[in-house]
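Peer 1: The listed protein sequences derive, respectively, from chains G and Z.
Under my numbering, think of the first position of the first sequence as 2, with each following residue one higher.
Under my numbering, think of the first position of the second sequence as 13, with each following residue one higher.
What the hints contain is simulated information worked out from the structure, not anything from laboratory work.
Please note that a few of the clues may not be correct.
To be verified - From chain Z, some residues computed to sit far from chain G (all C-beta separations above 10 Å): (1) Arg-32; (2) Ala-59; (3) Ile-258; (4) Gly-340; (5) Leu-439; (6) His-527.
Stated by the list, open to error - Reference listing, derived: stretches of chain G covered by chain Z, where coverage requires no fewer than 3 residues with Cβ under 8 Å from a Cβ of chain Z: (7) 153 to 160; (8) 203 to 210.
Built from N, CA and C at the ideal position, the CB exists for glycine as well.
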Amino acid sequence: MDHSERYYVPHGSYWPIVGAVGLFLMMLGVSAWLNGSSLAGWVAWIGIAVVLVMIVGWFATVIDESEAGMYNAQVDRSFRMGMTWFIISEVMFFAAFFGALFYARQLAIPWLGGEGNNFFTHLLLYPGYEAAWPTGGPEAWGGDFRIMGAGGLPAINTAILLTSGVTITIAHHAIKEGNRALTSWGLFATIVLGVVFLFLQAYEYVHAYQDLNLRLTSGIYGSTFFMLTGFHGMHVTLGVIMLIVIWIRVLKGHFTPRQHFGFEGVAWYWHFVDVVWLGLYIFVYWL
Amino acid sequence: MSTATHADHHDHGHPTGFMRWLTTTNHKDIGTMYLVFSLVMFFVGGAMALVIRAELFQPGLQFVDPGFFNQMTTMHALIMIFGAVMPAFVGLANWMVPLQIGAPDMALPRLNNWSFWILPFAFSLLLLTLFLPGGAPASGWTMYPPLVLQTGNAFPFLIFSIHLMGLSSIMGAINIIVTIMNMRAPGMGLLKMPLFTWSWLITAYLLILVMPVLAGAVTMLLTDKYFGTAFFTAAGGGDPVMFQHIFWFFGHPEVYIMILPAFGIISEIIPTFARKPLFGYSAMVYATASIAFLSFIVWAHHMFTVGMPLAGQLFFMFTTMLIAVPTGVKVFNWVATMWRGAMTFETPMLFALAFVFLFTIGGFSGLMLAIVPADLQYHDSYFVVAHFHYVLVPGAVFAIMAAVYYWLPKWTGNMYDEKMGKIHFWLSAISVNLTFFPMHFVGLAGMPRRIPDYATQFAEFNAIATVGAFLFGFSQLMFAWNIYRCAKGGKKATAEVWEGSHGLEWTVPSPAPHHTFDTPPVVK
């Protein structure tokens, strides 16, 4: 550790309390909306707006402080560690849903079909049910459906995300060499690939709902498929927004070959989104 | 950065009054807010416990209807776990970790502020449900489907308040890890850190790994109820038992989140008042890490009765019993620290001693519950209630109280009223046993938990427990009063406060100035 410099402690900020109020209004509004309250939508939207203002304002403050040179090496390390552990917590969030997928496929469904010591469960509950995957469950929730095969669109999407992993790495090397033009082009390519991915995912959802009759309500298959790909899609959306912010910062001339944590944090996040997709492609689409 | 001078990053003309608390980035301010919030929640949750105990004073239905009784058991647990115990430990971490490692503040001070301020709003959402049609959630804090899916209007409030609590915990945990890994004073090697800091480092890892899993689990509940998913419905190919697996994958590390910092506190207090260095420092660190690791592979011992393959039962039984080994190491080391020590018995030490005895009782009943064939009998009985209250009340809560008495002079600059502290301790220690010890007996005799009525043969022990609970509850007013008085004034405390104290936190004056360790201290 470099202790030649003094510690840096930031001054107070209104953004945290604004964020807390925004989150409260948002959750309050959505809860009331789920209960069928008529005014709830407004409260939720106000809450979301407050949270968005908070995010923009807070990051703007941090970016200004960073550009003013207020952050020393120790602060940079804190940001890196913080981002790392944030991504690990995100990994665990996905782990819960992957866990549900594995549990349903490997245990719950075979047991409903009578495997192990569940002969009587099978006989008494759903005697006609044969364990299979994909399935809408013994009562065939949502009726018959077909699934997205691993070839075609998902394979193209995999190629797109993997390519975007390459383009952001090119941008990363470029930023380290001080090549701003290549950094900006690498980021631009990554953003375009991300947007194309999202567009294709949306197209896939429409296709699933309209042509395949595969819905969120198609039993455990639909639940795991849409929740996993849906949360992934939300993270890709977030990642694209983060990339755009970083791209604008690069165009504005932020970052140096030595100091570019903002870029790296977003790059890590993008790689995390990429890796989650690989898990999805293997376990949700392929196997 | 290097061009900016010291004065630039402090003393921005602090806002005063309420605004100071809203915008603060000071770890001491935020720690104080966490601790005060926790104390308030402790009384709110405690009042709910007294409603439960009042109803159970006699067999039959006296005061509340069974639905409200279930709301009370659910809310009592949620508030005590997420509102009282966890924020108290985070508050202690905020105050003490920077002081113990010689850092000027937490590593991410604004995030720290946000972590705290989310909590009052999260609990507003949760407490609001008491006034909704259908009342508060009544499914038990474990939220098992399908029962929890029958919750009325309170349901989304329950789910979202848990999301917010999780968000707060994750950000708090990230902050603590980053602070400890990045902000230690020069020379403060990992194996020189005080044990409270060590235990919090490990606890923070647990929090980051399991709170998102809880968020995932409750999200699945939400979509199951409102959006037609089938995660926990067998008809759609899901499994209600799956919720229990996901929940307890969070839930078991969660109970260690509530006890590991307590271990750290006890490991600070006993050496001070025994005037001896802690026996087996590195063994303590490794034992804490082992317990944390094991906590991830024992979760299904909470659900032996729901049915699982024999191999699963055996695995979870043996891993659970394995936890007794590192825990035994810790208890041994505490006792060995006291061996031939020059002991005195100030209030923090009394609470710490009671912790060692009474937590161990809770640990032993945990071992009994780990045995599958025995657990099939004990499951969902008052024996379980006795077990986890022994580890949580004379365990976690006593450790928090010990910590408050121990560090209060450092925070306020004044000594608390020792005599009142001792009375508070004895009242608490006696009444806590009066409350929870009889629950072992009624539990073994077959009294089920979470039921407002019971067979008449359990009447005497329940009456005793209720008397104990009211005594315990009202004794805590003495705790609050003592803290208040100490904050207002009293005998001035020295920097060391305790004769046998050592560590960086005792090198700064009492009360600790608003900014400490602006330049890193050198640790030899």
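Peer 1: Each hint should be assessed against the structure and marked as holding or not.
Peer 2: Consistency of the hints with the structure:
1. Arg-32: Label violated. Min Cβ-Cβ 8 Å, cutoff 10 Å.
2. Ala-59: holds (24 Å)
3. Ile-258: The assertion about Ile-258 (chain Z) is violated, with a minimum of 6 Å to chain G.
4. Gly-340: Gly-340 (chain Z) is indeed farther than 10 Å from all Cβ atoms of chain G, at 30 Å.
5. Leu-439: holds (37 Å)
6. His-527: Not fine: 8 Å to the nearest Cβ puts His-527 (chain Z) too close to chain G.
7. 153 to 160: Violated - the stretch 153 to 160 of chain G has 0 residues with a Cβ nearer than 8 Å to chain Z, which falls short of three.
8. 203 to 210: That given contact is violated, which follows from only 0 residues of the stretch 203 to 210 of chain G lying within Cβ reach (below 8 Å) of chain Z.
Checked against the numbered hints given earlier, this structure breaks hints 1, 3, 6, 7, 8; the rest are met.
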